[in-house]
Amino acid sequence: MRASSARLLGVEGVTVRFGGVTALDGVSLDVAAGTVHGVIGPNGAGKTTLFNVVCGFVPAAEGAVMLRDKRLRRTRPHDLAGLGIARTVQGLGLFGGLTVLENVLVGARGHQRSSALGALLGLPGSARDERRLAERAEAVLAELDIARWRGALPGVLPHGVRKRVALARALVAEPELLMLDEPAAGLSEVEIEDLVALLRGLTDRTSVLLVEHHMDMVMRVCDHITVLDFGRVIADGPPAVVRADPAVLTAYLGTAG
Amino acid sequence: MPDLLTLAMGGLTNGAVYAALGLALVIIFRATRVVNFAQPALALVCAYLAFTVNRATGGYWLGLLVALVAGAVLGALTERLLIRPLRSRGNELAPVIVTLGLLLVLQAVCGMIWSAEPRSFPYAFDFRGAFSPASVFVVVTVVVVAGAVLLLFGATPLGLRLRAAALRPDVAGLLGVRVGLMLTIGWVLAAVVGALAGVLAAPPFLSPTVLDTVFVYALTAAVIGGLDNPVGTILGGFVLGVALSFVSGLLGPELVTLAALAVLVLVLSLRPHGLFGSSVARRV
Amino acid sequence: MRILALGVVAVLLAGCGGAGESGDSAAGVRNETAGVTDTSVLIGTHQPLTGPAAPGYATISKGAQAVYSYVNDGGGIHGRKIDYRVEDDGYNPTRTVEVVKKLVLQDKVFALVGGLGTPTHSKVVDFLTAEGVPDVLVSSGALAWDDPQGSPMTFGFQVDYTREAKILGTHIAEAMPGRKVGVLHQNDDVGRDGMAGLDRVIKDAIVSRQPYDPANADVLPQLTALRQSGAEVVVCECVPAFTALAILTAARLGYKPQFVVSSIGADVTTLTGLLADFGKRAGAEVSVPALLSGMVGAGYLPDVDSDDPWTTLFKEIHAKYIPDVALTDTVVFGMAQAYTFAQALKEAGRDLTRSKLLAAFESGKLEGPGMTPFAFSGESHAGYTGAYVFTVDSEVRTNVVREPMVTDRGDGPVTPAPSSRKTPAEVALVG
Amino acid sequence: MPALVRHLLWALLALVLVVALSLVIDPFTNVRLASVGYYLLAVAGLTVLTGLTGQVSLGHGAFLFLGAYTVGLLVIHAPALPIWVDLLAAAAVSGIAGALTGAAAARLHGPYLAGATLALAVGLPAVTQRFPELLGGSNGLGFTVSSLPPGLVGVVPTTRWQAWVVWATALLALVVLANLTTGPLGRQMRAVRDDEVSAALAGVRVGRTKVLAFLISAVCGGLAGGLQAFLLGTAAPGSFTPALSLALLAAVVLGGTGSLWGALWGAVALVYLQAGAEEFAHGFDLPTDVANFLPQAVYGVVLIVVVLVLPNGVHGVLRKFSRRRKESTV
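Protein chains in written order, with the numbering used here: chain A, 1 to 257; chain C, 258 to 541; chain D, 542 to 972; chain W, 973 to 1302.
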């Protein structure tokens, strides 16, 4: 187990209500830098809502979200990249009219230095910038082993490759915090093995916060797990601890059964 | 002091026509997410047929009936021949351009058959007086038809299937709803309402371009009211009709189109989906 | 290749003088006989055959074509058949410029005859002047065509809106003294120039001026305002469809003013056609005789109802060439215009040149279908100089109540027109 | 080769071709050639907005209106200014209007945007009625633009010179558009078109991108309108009807949405389809009413057929064809 040093992300007593329904009820969790942190829980436990609060899409009625020691308020989606947060979404949200390489290049947007005017006039600085971004994107494509698809449109690719494209688009931004919404959903066992290895290899550059149903995968990949049920944290700790927690078992059996 | 009552009544009559044509737009938009730019031309063809029947028989009602039947046929043909092939395309622009093309073709056909000269088109009843029987007929007809359409959608099994086919075609199909048929019925319904609007809008003079401005205001009404909300559109039509009549009478007729633009900008900057439109929450 | 390089360099440098400063119109050698052969002469026009202005105007060129066919079947003018090319501009000035450039530069017409509309035609006058193309008998009553210095190629046709309004105003002042007058006018030069004429004569009597926009067919607000102003006389400076709309809307309001309609909107045949259906359904009170009787109108061409020898000729031509088109004042307009042009061609002589055509117009010898003389001379390019005033009786027949009058567009008096006119036999174009 | 150099070379080559073409055609065909030039610019601008960014505008004619009136007013009231200053002013005025429109429209989607822009196309030209003294009311403005450099008077016919100026301006603007479509901005615009939320998550400022697209396409529209005024010497409300806006959008789709080559085919169609259909209609001995309305009917039928049969427009067909040829030669 890696020494979990500084806290990267802190969720402090967050409560979210939709009308009369309390989706999150005083949820707190800490994501340490350089770790993989999993959020699990039965359907409707509030996992996606938690993600949306962190991203600032859903306002918290109470509590705060801290990134390092800065409080996040009213983040607009496009500010996330600037804060060092990258996120994948459940539907993947790939750009259907863009090639794989272009999809990834859009993710590198935050590292673009030249201005819009420069791009319009085709100034040399802009062209250099574009080459630099392309190199960076190619490197990520190679790392995820999808470089051979660079010219293809996402619509024609197998699901597994598409998930990697979405991951590449998030990674190319070189985020401090990578938020993955069900990264294993729809993958084969072999692909999940690859994914686990890949995620473990990322912890030297980024922290990962993921929401996942696939229990086995979560247990193997995560350094730390938070369990939600009915909008409340019912367990929190390393995989071994969480696995042994009777409350977790009850929650899963109760709702599953 | 201008005669506000006369202006209001005149505006209400115009607004009823905007509301009816707007309702036709909304029915199709709800069913197929297509704004039917050919709507004024479909209505125009129907109005010209009514005109021809009127001339031949000297009556009004047979002409109206012919127009409504023609509307149904045209609506079905348009959906089957032009819109259905685009359903799987997933391209927002394709139906816009196809319906625009149809608009041009049908308007041209009307010009070829009936020439560009204006033709007199009778009112259903005596048109004289601030509350003339003809005006009352227009307003009442539109309100009744709008009510019937709402009732059809809201309280009948057919309406339920229409809504299901429009909102969740995949699920509706699994549950045994004939989605294709439902979409055709939606177009037929809309085209019949549109034909009615055309016949109501035609008096006193019919010419190939007569419904163009009516369509612009009908679309404005639908956008103001919310394109997927029939009640909002009908209210939008009436409000717009009265407002524009006041603008024309109090400020000058050249400001009417600018006023429509101003109203639209104001409403949409406050409510991007119209006053009563629902903004479908975007999936994250 | 050298020219190519020159062109590229010139474009790239593109250093040039002020865009609005005149001077570069490279006056090429004028082609005096463009479009003319021994057996034919090619002329062109721009007309709104489609689009918003097509209703009401699309039949003008049909009437003109009928006259040209009649002339051609009679052997043409000096042995030349008239080839009449009609271009549709949809009343869109951009397209007017395009189609006129096509007629001049590509088709190489000898002259432009009867180009229709003020917003449209005003955009090609300078071009036609620069190219030296005769631009005759413009179908618009605007004042701009009468500018022999600035636009020496251009000649008007119909009586201008100001002259006509002066005559109508005089009639109102004399026949309806002391009555309050309201004006319903189109919001362009038709209305503006017309009101200028009214103001010269009956300014003090006018109690309300209501503009209408031709794109907006709802004139209820305007008629409501006129009624409220207490106007007992409503002068309509309108096109026929809006005259009819005004009359119907007044009936709708139960408002019964004396309508006085300028010539462009006083086409009784067209109005009858437009209003015919309402009486059939809603009773005698809104029948055509009830709606139109008493209406005062102006005209400068022989009335379709009259037994004028020109009307007789036009009826013959109509029956032979365009029997399926209703014979309205609009068709007669096109016929009279075409006849006038053919007459000018004849006057220009066998050795036809553009200069000779212009000279024929300025000669002052053109006299014809119109009820008043043309102003044409070296100093004036204005068309008809006056109009007559008629009323509509209870059988929807027109009766002249004021014989043709002439005036100028300034402060000059309104005087009776000379009573003699050439008959078709005297002009003797054919046979 | 850097994109900028490549695009400039293409533009230069195109200009040489246009100049060469202009030397062999008659004066009126030169007018048509110039018309294709300004329509190309307008359609290319609209394809950035509608094709790349996915914002359907039914009111693009409003920007042509602004450009034409700007040039008209400057020619009349500031005759000493050279034409390129007038054109820059036209671009600036319509650019500002485009940015405002874009800001107002950034939250609108699909038919709401379509309705609002259609109202713009209908409403804006009515301003001329409000200020008849300045803007000429419904008659609009008529003027003659003289731009021929003194050295070329009598050497180069006016219409040929006009074709050169129009195309030089249009091609210069197209170089910028080509930089845009092939560069990061174009990529971000297409990303916004495909999925706004994902684009935002990737750091793309969605609202700003949409406004920028509106601004750029409005500048192109304004320049096109200014060039039209330069070419034809007219600016009148009757020229900028909703029919113009709809025709521009139709041209975008006819040519092939989102492609600058498609814009060229669309512009050619705008100019020649109408003209060709008219020749065709009057070539037969048809009843007058039929002949008058035949061009409009033909145009409508072409639109329908192209959308139904060629989903990617004319450019899509050509690309497929050239790709197939390339493959068969390999």
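Just so you know, the hints here were simulated from the structure itself, not pulled from any lab data. Any given hint could turn out to be false.
[Said to hold, decoys possible] Reference listing, derived: stretches of chain C covered by chain W, where coverage requires no fewer than 3 residues with Cβ under 8 Å from a Cβ of chain W:
hint	stretch
1	304-310
2	333-345
[What the hints assert, rightly or not] Simulated coverage check for chain C against chain W, where a stretch passes if three residues somewhere in it have a Cβ under 8 Å from a Cβ of chain W:
hint	stretch
3	349-362
4	389-400
5	478-488
Please read these numbers as outputs of a predicted model, since none were measured by experiment. Even for Gly, the Cβ is constructed at its ideal location relative to N, Cα and C.
- prompt: Can the stretch 389-400 of chain C be counted as covered by chain W under the rule of three residues or more with Cβ-Cβ separation shorter than 8 Å?
  reply: Our answer is that it is violated, as 0 residues pass the Cβ test (under 8 Å) against chain W, missing three.
field: Coverage claim, chain W over the stretch 478-488 of chain C, checked by counting residues with Cβ within 8 Å (three needed)
entry: holds (count 3)
- prompt: Counting residues of the stretch 304-310 of chain C with a beta carbon closer than 8 Å to any beta carbon of chain W, are there 3 or more?
  reply: Violated: only 0 residues of the stretch 304-310 of chain C have a Cβ under 8 Å from chain W.
message: Tell me whether the statement that chain W covers the stretch 349-362 of chain C is true, taking a Cβ distance below 8 Å and needing three residues at minimum.
response: Coverage by chain W holds for the stretch 349-362 of chain C (12 residues, Cβ < 8 Å).
task: Check whether three or more residues of the stretch 333-345 of chain C sit with their beta carbon closer than 8 Å to a beta carbon of chain W.
output: Coverage by chain W holds here, the residue count being 3 at a Cβ distance below 8 Å.
Checked against the numbered hints above, the structure violates hints 1 and 4; every other hint is satisfied.
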